[in-house]
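Top line first, the protein sequences correspond to chains A and B.
The opening position of the first sequence corresponds to residue 306 in this note's numbering, with each subsequent residue numbered one higher.
The opening position of the second sequence corresponds to residue 465 in this note's numbering, with each subsequent residue numbered one higher.
Some hints could be false.
[Said to hold, decoys possible] Listed below are the simulated DSS-like cross-link pairs for lysine-lysine, each with C-alpha atoms no more than 25 Å apart in a straight line:
no., chain 1, residue 1, chain 2, residue 2
1, B, LYS752, B, LYS739
2, B, LYS477, A, LYS312
3, A, LYS576, A, LYS560
4, A, LYS310, B, LYS739
No lab work stands behind these hints, which were simulated from the structure alone.
Owing to the predicted nature of the structure, the values given are computational and were not obtained by experimental measurement.
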Amino acid sequence: MEGAKIKNFIIIVLILLNAFLLILVIMDKTESSGSRRAVYDDLSRIFEDNGISLSGVREAMEEPTPYYVLQRDLERERESVLGLLGGGETQDLGGGVYLYRGADGEATFRAAGEFEIRLDAGAYAFTDDDIEAEALSICKKLGIETAPGFTEREDGEDGGMTVVLVCAYDGAAVYNGEIYFRFAEDALLISGRRPLDLAEVIESGETLDVVTLMIRFLNTVRDGGKICTQVQGMDLGYMIETTVSGIAELRPVWKLATDAGDYYLGAVTGKVEAVV
Amino acid sequence: MTRGNKAYIERCKDFLIVLLIISAVWLGGTTLSTGTWSGEASNNAPDSAGEVADYGMAARPLAIAVSEVSRSENENGGGVERHAVKYDEAAADALFTLLSAPLREALGTAGAPERVGLEEFLIALSGEGVYFDFVFELPMETISRLLGVSVSGETASHNVRRILLARDGAGTALYYTDADYGYVYRADTALQYKSWLTEFRAGGSFAFEMGEDYSSIDPAYLFLSELPEISGITVTNPVGTLDMAQILAAFEMSGYVASSYTDTDGSVVYVEGDKTLRVSPGGEAHFKRSAPETNPDELGFTDEGRSAAFAAAMESVGAYCGDARLMLSGVDYGEDGGCTAYFDYVLGDVQIVVYEPSHAAEIELNGGVIVSAELYFRDYRADGTQKPIPEILSAAIVTSGGGGEPRLVYEDLGGSAELSWVVR
């Protein structure tokens with residue numbers, strides 16, 4: 306009986322403790338949400354004083370911005386490429402360059418993610434309606450994630466057709482990770498750059514917060530004499546960058562959509578960057 | 465209530481207690497990580513594996529030129545457009561970051577080199593290509609490893625100063641000059657040549673393109689169309705500001721374990737086991753330890769030794785040099801399988817010449833381990849700008865003196881440093 310009373314007492318104490326901690330958690334979330342709202346309001350006011358309206362930025366303030374070091378998984382690469390080429394052999398050319406030759410074509414893959422593939426006629430679908438789906442299917446076979454909404458298509462005068470896709474990583478677009486598919490009767494030529502197979506998060510404390518980034522962008526607009534009256538949205542993506550030592554990194558980059566065009570802000574540098 | 469029901473209720477209570485404890489721990493953890501007791505909320509993902517040391521920039525070329533066929537029609541019917549960078553650290557950093565990838569691929573896929581004549585090299589220089597002048601003479605193997613690739617065979621054994629990636633049809637030929645004997649070598653590569661630059665700004669010409677008046681200048685010397693702004697310089701002795709725990713750690717000594725004493729000349733000596741580090745008031749430091757048993761797998765300037773040498777140099781003299789940076793300036797190989805790596809100071813891509821001692825750091829390795837080091841701590845600051853005499857004029861002076869190559873340097877005279885042209 307005594308034991309039962311002690312258990313009842315413990316249960317009551319634990320319920321009270323849980324209630325107290327739950328109230329604290331709710332208060333913390335409300336407070337941080339409130340302070341973020343206040344910061345956003347201040348930022349909006351600063352932009353409005355400079356003749357620029359802000360929208361689609363508030364949500365960006367809550368996104369984490371991880372920064373990745375990429376590594377190549379040669380086994381996975383070989384399996385996917387030879388699978389696309391219908392089996393074949395691999396040749397190491399040195400310098401991280403591998404040549405793959407198969408029944409349906411050949412491919413060259415480089416250390417930092419650049420590649421070229423040539424598929425022979427008959428190894429790919431080539432009808433007007435199918436080429437975008439075929440391009441997506443090939444990316445899937447190669448294990449390359451693609452960003453929705455970035456597909457472009459161009460029809461050549463010679464009857465050839467080009468589809469451009471943009472790679473993605475973990476759902477975010479890799480802005481300089483474009484892949485070109487040049488469809489023709491006799492061959493499909495694919496070239497581009499992909500994020501490598503394995504990614505490891507590196508120390509992410511160096512990325513700037515969104516407010517600092519936006520203030521730097523405002524200074525860039527003012528100093529550059531650019532005409533911009535509306536920021537329409539802010540999306541997190543990446544750019545592939547290779548260091549001098551050959552280490553490939555996925556750097557977080559914010560794409561700012563404005564009425565004066567798109568700007569790409571480096572999350573580490575805070576500077577407007579070109580997509581290269 | 466039956467005994468069975470009571471037992472069931474007690475078990476339910478036990479389960480509820482466990483659930484409430486887990487819930488309390490989770491809520492407590494959430495509170496600590498996001499709010500009241502944690503300080504500011506972080507907007508970033510959790511950190512993880514840490515950063516990889518990247519010393520590629522410590523052995524990059526100090527002069528780079530990119531030559532391409534002119535895209536515009538002109539009265540000469542087109543020719544080669546050249547973009548040249550020298551004595552401009554920021555521009556060279558940016559350009560080499562862009563060009564390191566093709567250089568890496570060319571070195572990594574280079575075939576067996578064959579010796580060619582100087583004339584063939586100069587013809588290749590005057591055509592489309594990318595030219596790198598490291599100014600310092602470095603082992604090709606070291607340049608390659610710092611770029612993340614390996615070269616093998618005869619190429620790896622050469623000390624080089626100049627490398628050229630020359631268009632060869634659709635492909636690329638690798639040329640380099642062997643610094644020891646002055647020979648030129650050529651090798652085929654698997655690199656497909658393409659235009660790596662979209663914009664050409666600063667121009668330049670090689671000495672051999674500038675006519676008879678410059679025939680006594682090194683033919684591959686790169687003249688700029690216009691010198692960039694050159695910094696003024698001040699120099700101080702940073703010994704009083706050294707964090708000795710950091711310096712000791714650079715040589716795998718511990719500030720807690722090492723004993724120290726002050727010598728009669730004012731030098732402070734740190735001793736830990738067989739390791740000794742002496743730091744003099746004038747900024748010179750000497751490290752010594754007993755040589756380990758030679759590891760036959762670690763002869764020469766191996767990856768392990770190179771990492772140790774770079775880390776020690778960067779974390780000692782490299783951490784106190786102000787606006788200057790430390791560059792690898794040479795590697796000598798000993799007969800016992802050891803080697804010595806040399807580092808020098810550079811400010812704005814202008815070499816700083818020190819006279820006594822003659823380098824910022826000399827690090828001797830044996831079996832991949834640092835066995836001795838000579839360091840010279842100096843703090844250099846950029847101070848305004850200076851206008852040296854024009855490069856063309858300095859070349860004329862070199863010519864009248866018998867020929868060679870003009871080089872812009874800062875000379876560290878002890879209490880001050882001066883910008884001057886010297887003859888190489």
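Results for each hint:
no.: 1; hint: B:LYS752 x B:LYS739; in the structure: holds (6 Å)
no.: 2; hint: B:LYS477 x A:LYS312; in the structure: holds (7 Å)
no.: 3; hint: A:LYS576 x A:LYS560; in the structure: holds (12 Å)
no.: 4; hint: A:LYS310 x B:LYS739; in the structure: violated (68 Å)
In summary, the one numbered hint that this structure violates is 4.
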